[in-house]
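S.K.: Following the hints, put chains B and C in place on chain A, whose structure we already have.
Spelled out, the chains give:
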Amino acid sequence: MNGNGSIELNASIEHVWKKLMDPEVLAECIMGCKQLVLIEEGKYRAELAVGIAAVKGKYDATIELVDVQAPKGYKLVVHGEGAPGFVDAEGVIHLTPVAEGKTNLTYSYTAEVGGKVAAIGQRMLGGVAKLLISDFFKKVKKEIENEQKTA
Amino acid sequence: MKPASFDYCRPATVEEAFQLLAEYGDEGKLIAGGQSLVPILNMRLSSPKCLIDINELQDLNYIRYEDGWIKMGALTRQRDVEKSALIQEKCPLLSEAVPFIGHMQTRNRGTIGGSLVHADPTAELPLSFLALNGRAVIQSAEESREVDLSEFFITYLTTDIMPGELLTEVKFPVDSVPKGYSFQEYSRRHGDFALVAAACILDTDSEGRITTIRLTMGGVDAVPILVEEAVDVLIGEKLTETLLEEAGRIVSAHVDPEGDLHASREYRLHLARVFAKKAIQTAYHRAIGKGSAS
Amino acid sequence: MKQNRIGQPMSRVEDARLTSGQGTYIDDLNPLPNIHHAAILRSPYPHARIKSIRTEKAQQMPGVKGVVTGQDIVEMTKPFPVGVTAPVKYYSLAVDKVRFVGEPVAVVVAKNRYLAEDALDAIEVEYEPLPAVVDIEKAMEPEAPILHEEVESNIANHRTFHYGDVNKAFMEADFVIKHKFFFPKYSATPVETYGVIAHYEACGNNLTIWSNFHGPFTLQSVMAAALQIPSNHLRIIIPKDVGGSYGIKSGVFPYMVLMGVVSKKIGLPVKWIEDRQEHLMASSSGTDRVTWIEAAVQKDGTVTGLKMKMVDNVGAYIRAPEPACLYRTHSNTTGPYRIQNLAMETVAVMTNKSPTGLIRGYGGPQLYFPLERIMHMIADKLDMDPAEVIRRNLIRAEEFPYKTASGGIYDSGDYLTAFEKALEMVDYQGFRERQEKAHQEGKYLGIGLACIVEPSGSNMGYITVALTPEERAKSLPKSGCAEGATVSIDPMGGISVRISTVPTGQGHETVAAQIVGEVLGVDPRSVKVIAEMDTLTSPWSVASGSYSSRFAPIGSSAVYHAALKVRQKLLEIAADQLKESIDNLDIESGKVFVRNNPEKQVSLKRLIGSAHWNPQGLPDGMEPGIHETAFYTIPTALPPDENDLVNGSATYGFVADAVTVEVDPDTGEVKILDYITVHDAGKLLNPLIVDGQIMGGLVHGLGGALYEELAYDSNGQFLTGSFMDYLCPTATEIPPVTIKHFSTPSPLTPLGAKGLGEGNTMSAPVVIANAVADALSPLGITIDSLPLSPNRIWSLIQEAHNQKQLKEELV
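Chains as they are written, first to last, in full-length UniProt numbering: chain A, 1 to 151; chain B, 1 to 294; chain C, 1 to 811.
This is chain A alone, in the form it adopts within the complex:
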């Protein structure tokens, strides 16, 4: 599965970048994530609960930030394994300043889902993946803009 999208953020590119690099912000935004534990430079371990409505599975995941180019963007690599199978997702995030205090965030992603969920979830997998990823960025926007308001 793959796709792309973009969101407008009411914050400066520096502020957005700072937030996107903050593991606490990422933990807040990644679905069902309790906390990110640093295991090596730019790489974290986490427990995720991924799914929709009652259909949720627990995954032991690693989240890595690669190709980091401050403050323009990076690639987020997520690999999760759990009873329902595994998830491999890569998202490339790109930031461009639009105006004073406004930044455009564009993203593209590829995701591969394997195991039980892939074998029985074909009817909804593509749509749900798209939904979860756009949810992540909606949460990112909320995190960034709330912070900005209180700043």
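None of these hints come from the bench; they were simulated from the model. Be aware that one or more of the hints could be misleading.
[What the hints assert, rightly or not] For lysine-lysine, the following DSBU-like pairs were computed, each having C-alpha atoms within a straight-line distance of at most 30 Å:
1) K102(A) <-> K139(A)
2) K600(C) <-> K579(C)
3) K579(C) <-> K56(A)
4) K29(B) <-> K138(A)
M.R.: Positioned in the frame of chain A, the structure of chains B and C alone reads:
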């Protein structure tokens, strides 16, 4: 395919059900007909700590006509809707839609409430109730509220129901129910999930000009979609081949289906157009008294 | 009492228990106390190295008795032997690597299945994913990911064959037509899944395995070899009721070995019942195949030569009896046509899909798809009627027994008459007229034809044609299709029959009773047939089991011969007691009597009593008791010779199908208007059972044509893990079907019977494809792959319209 272990409770009253919902929070899951939930449990796609069986709550099992509304309790079995003479008389759209739900055996157990709360994007009941301008009656221990179905379905398998709440009734107005109706579904086999579905109700004046029309499409998005733009072009007009074609084209332009193993995105868009047209055309023929066109 | 004899529509003796919930299937068996339950952890990756497996947490969980992993398997078993020279190592659990999604990685044994599944979640496996390949052609490319490092490529078997003078035929042809065809991977999805109960007893080193396995019992030696256990210490018991198989349950053998090892390691009897997800993902299936076919054709439509390159995808491990998928139809490659110049190249390739095995039709659907399609394409090219092209090439009645280019011996047949009957029943001419009219109205009607030869009763020698003559010469030749049966009568006259044909729903108990009833002159309903199989007590050999429709030609013949031995003994006792020549005696209605003087008679009861109660009164040299076993094989089932000629089957039936369809251009849906099938399976032993089997094969073939596929994405992820996505036709998808029987009895079998039930799995996919191709021919659409889903048909129509528009714009 055995489920993870769970506690099991069977409340005798709605109040008891609320207590259990409060106690278990999001670890509690209601079970009524179980036709969607039990496979999900067996495949371990979901492992709630407690199953709250509401089959005892027979006060929620009814089909009534009251003050110009049809009201159905959430626990009404789909098969009872299928066999209901009242429904056949007052909203034949439902009578036409229900036989497409699974198979007779599953309809003996499945409930209308369960179908609505499960919110499968291809399900027949959400689609039909939306076409009928339905409302959901939702109760919690503290209060009762109503939600228009156009706001009830949020996304895949997700509705407006909050923790601690119970869908108790679905209702829709029937006194001014249009004469024309049609439910169309395309699937690979009898009883399968729809690839695309369309529900249409409409009414005409004595000249055959369309006065009211509602068209909903299923299987083309995360939730059932009310396609208003497509029907706007038809208001006040007699249905011609050209207008029908235009309506179909607009439907195609306003839905956003995913592709999957059985149907690519392009094919679904094409089917959406084909079946939207079939639904509108059949509903129109019924409204102007020509009977079923298909 | 002439009712219910051979050939009569006797209602099945099995039905009473099956329809009242009193069948005994594997899951109903509880042969021992203290049975524990197994659950299997399976790979979510199509191809990966196993870096570590940690089972400590799982072992601590409630009710868990132990966990077994690949490490144990490697220590306790040897790889499964397989009939190719490629050094592929296939174990019952993944060892060091996983090679397909669903491959078993570990087994948990617990008090019940629920607890065992809970413990699966606690096993920690560290995988290192590797690139995967599932496409047949990609797997053969030099840079393809290699599944088995020891093999150095993904090719498990590769042979070429030349019969006749193919080059001459192609040089002298008026034209050559060639095309490439794709056939999908699908299963037969029996309602009952795999089941195994294994019990290892350390004292005496005895392993007893109960399972719904049905042979071929060549696989018993494969299992014993893997388990490193003497063959008479491996007792395999099959219950009398198996809920369908259609070949798929021959693939349960790796799980039988697995549970045997698990029972040995944990020290407890273990039961494993497969669930539907496991079954779709990791049981067995038919192969997907790519075929390059070329036909040398004369301008009158005569086909003088064929070249076929067939590449089968046997999945991640080649396992016995593969690559038989490529060779099962070796002897009937040219189908019902008179083509004596044949070149074949056969390749078995391994990819990251589930391993394959026996399936209804076994190679037949894959063979006839290109063959019957190309006959229609020839007709297209020559602007001839496809019926005429077929007619021209059909083997004529006078030519039987017919020796095929590759060594097959077609025993009997009248293909032309059966074919003409099919055309008449479908009103071929009338349909062509209706088709023309419909086209003018913008409708797409089409008619498809297919003629196929249905082989039955495998000659075990055919599998060795996977090896070259030089390789074959290194070991014992393989041949025959041996089956055994025992007919015995107890002291009170109760007749019992033991068969080793392991029925999976075909009604063997009924037909065996009919045969014994006829031979011994008794009511078949008084004959008790024991269908349970036990390798320590049943009369069996390597070919035993139910597959390749062998009960009718072979199994029934073994029963017949055993019954004849009993009859002979009874007549000899009677001759002695009545002081008459045995030639003057007949046996009927429970007595033996003198033909021309029926008053002179003796009851069977008395004869049987004599054998048991008064053995000293028997004729000199005669043994006491009545207990006769016969083993039967067919003389024409010889090993392949040094020219790779082999007669792969005992008998050959014929099926001619004619199908009419309408294609909806709006949805791409194919609607079958009429399905006519004319069947020749020689003498029918029970017409009531036959029609059910034909319908089953037909609907399965329809599934392959329109619905069924075990789908994988290009990364090797398995996509059809439930019946939501793996689509089997149900009762509502069955079109109007007309079955017509035709009979040219086999001269080779004592009852004249040939096998049936697989024919339409081989003809339906292609006859439906032919009909759809015919319907869409005005649009210039080529049909060369399956299934013909509405999405696929619609896309083809769109593409054709776009091409047309493009052409018009260029003009």
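S.K.: Confirm or reject each hint.
M.R.: Status of each hint after checking the structure:
1. K102(A) <-> K139(A): holds, 17 Å
2. K600(C) <-> K579(C): Roughly 10 Å between the alpha carbons, so the hint for K600(C) and K579(C) holds.
3. K579(C) <-> K56(A): Distance of about 85 Å is beyond 30 Å: violated.
4. K29(B) <-> K138(A): holds, 28 Å
Hint check: a violation occurs at hint 3 only; the rest are consistent with the structure.
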